[in-house]
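Those protein sequence lines, which keep their order, are chains R and X. If you count the first sequence from 1, position 191 lands on 191 in the working numbering, and the numbers rise without skipping. If you count the second sequence from 1, position 340 lands on 340 in the working numbering, and the numbers rise without skipping.
Don't take every hint at face value.
Stretches of chain X that chain R covers, calculated by requiring three or more beta carbons in the stretch to come under 8 Å of a beta carbon on chain R [unchecked claim]: (1) 419-431; (2) 484-498.
DEER-style ranges, computed between Cβ atoms [as the list claims (entries may be wrong)]: (3) A49/R / P144/X: 52 to 58 Å; (4) L363/X / H16/R: 43 to 49 Å; (5) I62/X / A212/R: 22 to 28 Å; (6) V155/X / L112/R: 30 to 36 Å.
No lab work stands behind these hints: they were computed from the structure. All of these numbers come straight from a predicted model, not from anything done at the bench. Beta carbons: idealized from backbone N, C-alpha and C, even for Gly.
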Amino acid sequence: MSNAAAHDFQFASAEHQRETAISGIWLFLASEALFFGPIFLSWIYARHADPSAFDAGARQTDLMIGLTNTALLIASSFAYSVGLAYIGFGRRRGMVVWLAIAWALGAAFVGLKFGVEWQMDLRKGLFPGPNFGIHGPERSGAQLFFAFYFFGTALHGLHLVVGLGLLAWVIFRAERYTAERHSPVHVVGLYWSFVDIIWLILFPLIYLMGRAS
Amino acid sequence: MTHAPAQVSYLDDGHTLRSWLLTTDHKRIAILYIVAITFFFFAGGFAAFLIRYNLSSPNGLIGSAETYNRLFSMHGILMVWFFLVPAVPVTLGNFLVPLMLGARDLAFPRLNLLSWYLFLAAGLVALYAIVIGGVDTGWTFYTPLTSFYSKGHVVAAVAAIFIAGFSSIATGLNFIVTIHKLRAPGMTWYKMPVFLWSLYATSVILVLATPVLAMTLLLLVFERIFGIGVFDPAIGGDPLLFQHLFWFYSHPAVYVMILPGFGVISEIIPAFSRKELFGYKFVVWASIAIAVIGFLVWGHHMFVAGTSLYSALVFSLLSYMVAVPSAIKVFNWIGTMHKGYIRFDAPMLYAIGFIGLFTTGGLTGLFLAALAADVHLTQTYFVVAHFHYVMVGGMVSAYFAGLHFWWPKITGRLYPEMWGRAGAIIIFVGFNLTFFPQFLLGYLGMPRRYFAYPPHFEALNLLSSSGALILAVGYILPLGYLAWSLFYGERAPANPWGATGLEWTTPSPPPTENFPVTPIVTQAPYQYRQAVAVER
Numbered sequence: 001m002s003n004a005a006a007h008d009f010q011f012a013s014a015e016h017q018r019e020t021a022i023s024g025i026w027l028f029l030a031s032e033a034l035f036f037g038p039i040f041l042s043w044i045y046a047r048h049a050d051p052s053a054f055d056a057g058a059r060q061t062d063l064m065i066g067l068t069n070t071a072l073l074i075a076s077s078f079a080y081s082v083g084l085a086y087i088g089f090g091r092r093r094g095m096v097v098w099l100a101i102a103w104a105l106g107a108a109f110v111g112l113k114f115g116v117e118w119q120m121d122l123r124k125g126l127f128p129g130p131n132f133g134i135h136g137p138e139r140s141g142a143q144l145f146f147a148f149y150f151f152g153t154a155l156h157g158l159h160l161v162v163g164l165g166l167l168a169w170v171i172f173r174a175e176r177y178t179a180e181r182h183s184p185v186h187v188v189g190l191y192w193s194f195v196d197i198i199w200l201i202l203f204p205l206i207y208l209m210g211r212a213s
Numbered sequence: 001m002t003h004a005p006a007q008v009s010y011l012d013d014g015h016t017l018r019s020w021l022l023t024t025d026h027k028r029i030a031i032l033y034i035v036a037i038t039f040f041f042f043a044g045g046f047a048a049f050l051i052r053y054n055l056s057s058p059n060g061l062i063g064s065a066e067t068y069n070r071l072f073s074m075h076g077i078l079m080v081w082f083f084l085v086p087a088v089p090v091t092l093g094n095f096l097v098p099l100m101l102g103a104r105d106l107a108f109p110r111l112n113l114l115s116w117y118l119f120l121a122a123g124l125v126a127l128y129a130i131v132i133g134g135v136d137t138g139w140t141f142y143t144p145l146t147s148f149y150s151k152g153h154v155v156a157a158v159a160a161i162f163i164a165g166f167s168s169i170a171t172g173l174n175f176i177v178t179i180h181k182l183r184a185p186g187m188t189w190y191k192m193p194v195f196l197w198s199l200y201a202t203s204v205i206l207v208l209a210t211p212v213l214a215m216t217l218l219l220l221v222f223e224r225i226f227g228i229g230v231f232d233p234a235i236g237g238d239p240l241l242f243q244h245l246f247w248f249y250s251h252p253a254v255y256v257m258i259l260p261g262f263g264v265i266s267e268i269i270p271a272f273s274r275k276e277l278f279g280y281k282f283v284v285w286a287s288i289a290i291a292v293i294g295f296l297v298w299g300h301h302m303f304v305a306g307t308s309l310y311s312a313l314v315f316s317l318l319s320y321m322v323a324v325p326s327a328i329k330v331f332n333w334i335g336t337m338h339k340g341y342i343r344f345d346a347p348m349l350y351a352i353g354f355i356g357l358f359t360t361g362g363l364t365g366l367f368l369a370a371l372a373a374d375v376h377l378t379q380t381y382f383v384v385a386h387f388h389y390v391m392v393g394g395m396v397s398a399y400f401a402g403l404h405f406w407w408p409k410i411t412g413r414l415y416p417e418m419w420g421r422a423g424a425i426i427i428f429v430g431f432n433l434t435f436f437p438q439f440l441l442g443y444l445g446m447p448r449r450y451f452a453y454p455p456h457f458e459a460l461n462l463l464s465s466s467g468a469l470i471l472a473v474g475y476i477l478p479l480g481y482l483a484w485s486l487f488y489g490e491r492a493p494a495n496p497w498g499a500t501g502l503e504w505t506t507p508s509p510p511p512t513e514n515f516p517v518t519p520i521v522t523q524a525p526y527q528y529r530q531a532v533a534v535e536r
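Full structure from sequences and hints, please.
Okay, here's the thing in structure tokens:
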């Protein structure tokens, strides 16, 4: 593993090892997709049972922050793809710059989501419990909406934080990567895009569905 | 890394504790798993023994229904997640997948080691949950048994299963990628032994179903900690939603608990009948079909839970469909034995026992898939007997069959054949004596999970409990003679059974790198007729 041409002993070549790593991450992401499945299913099912309360909850969310965050994440994945293309041409500096941009955009999402939006939500008393801020007949359903909201965003946030760690790891190890050998950059990139896709399902569930009616 | 021509066996490649605990060799990790799994098998078995002890008297002998509930919960949780689900994949599978493929290791050896540590961590959390008092929810964690109404340590028990799940996912992922990417030259899909196909099917379920359970359990813990009704109807949740999500994992997981067994049996029957496997492609695709259909039948656990009649009809029909690939396998094993030169060594005795017991378990499953019959039989001992015939009579027999079959390869020693045969027969007898009466009890209406029962059920319960005693002897016996063989057993040759398959072409025990030269595969599997011709 130490010198550039080497590969782990169970593989026939470095190319073989690269292909194997890529298939591994795809399978892992399939598993992750099913991991998030029950949240989405329960969310949609519970909303179907009590739509007006879910709408009441959803209207308390901040659409502007949601939109900004969506833009940040998509831009971050775009930046990552550019970085990946750079290392494909063997241009390490370009990769580091674009991956750093991707990292910063991802970190901005985390800051905005948990540093700003969650704080506002908590001040408005939207965390489920005895002090929940929405009253009247919609209280219990709206509470469930916010339970899913906090649970879903926390879990997505955890995936983002792990992703930021992985991005930093790739950036710090940039010297190891060449045009031919950079499968960790590819693997982390697939994960990073996956975290994006989870957000693209959470976004309409949180911000849009309650505002349509 | 040494490439010395003198091959060092994997067992002699380092004798320090560190060389075992930090190994990435799939063969050593298999041994680590065997140790862990054996512990949990006997822990879960001990709970089963206490259950049968309690039920040998109509009023119960343990003293409290509360303790009894905790015992059967502990039995179920340990046996399902810490023995049956991992049993064959992580032990025989870990050891054999690279050997059968002609590879040097799994695709991700460090992930493999991580999966063992996750398993160990999960096991420790489970033991912690048990020591501080356990749970009384049963292994299914139904709401409201897990809601605030429950006095048990639900969060700790659930955490254990959550962690164990990731260990399963890691193993499944490793197997799928390895089978796709690390086959030796010439090893096409249809040249692979059926054992690999069945582990492939198993792994697909592990990777795609386990995460659903993980998230469901997370939601359950969230509900318990924050008091928000997702599943608990008392605070606005929907208990049926939990059952749907739980069985979406747990029914496919039932096939995780039997498919690897099919694989083991499909290796052993041809080897001891000296014939190629009858209908190889049918056996292969039956495994895949079971894995796929297995995802579509979960609703049959909820026929009386208040689901709609139409969904019940569909689930009933789909459940019947599982019988088709299962029956194909049974017929193919029997077809393999037909006109073969059958040898009755211990692995074959277990395998033949497997066919009978699994068929009984499978056919009684059809009773439960039938809507009207299920209304009468559900939640009775008929269900208990049914799934024990599949899980214990089937899977545990298959595990023992495989353990004996590959024991010479794993340890480099032969086990004493006479004791092996005696063990197989004792287990078969003890098993039937324990569980056949439970079919009758269930049919007569004795509900499961009850601490006490009316006196007229006493005779059959006594029969069942005395069978459990014989079964216990049958399980402890191999522990003794297999341990004995490690030190005093005869040295095993590379291929003691005259079996086909790449794992038998390398020395016993295999060298660390498995094969001195990467093998090139030219033959279809199970070419026993040619081997027989040569022997004559």
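Whether the CB-CB distance between A49/R and P144/X falls inside 52 to 58 Å: Violated - the Cβ-Cβ distance for A49/R and P144/X, about 18 Å, lies outside 52 to 58 Å.
Outcome, coverage hint (the region 419-431 of chain X, chain R; C-beta under 8 Å; three residues): As far as the region 419-431 of chain X goes, the hint is violated, because 0 residues have Cβ atoms under 8 Å from chain R.
Whether chain R covers the region 484-498 of chain X (at least 3 residues having a Cβ closer than 8 Å to its Cβ atoms): violated (count 0)
Range agreement (Cβ of L112/R with Cβ of V155/X, hint 30 to 36 Å): Since the Cβ atoms of V155/X and L112/R sit about 32 Å apart, the hinted range of 30 to 36 Å holds.
Consistency of beta-carbon spacing, A212/R to I62/X, with hint 22 to 28 Å: Violated, at about 58 Å.
Range hint 43 to 49 Å (beta carbons of L363/X and H16/R) holds or violated: 46 Å, holds
Checked against the numbered hints given earlier, the structure breaks hints 1, 2, 3, 5 and satisfies all the rest.
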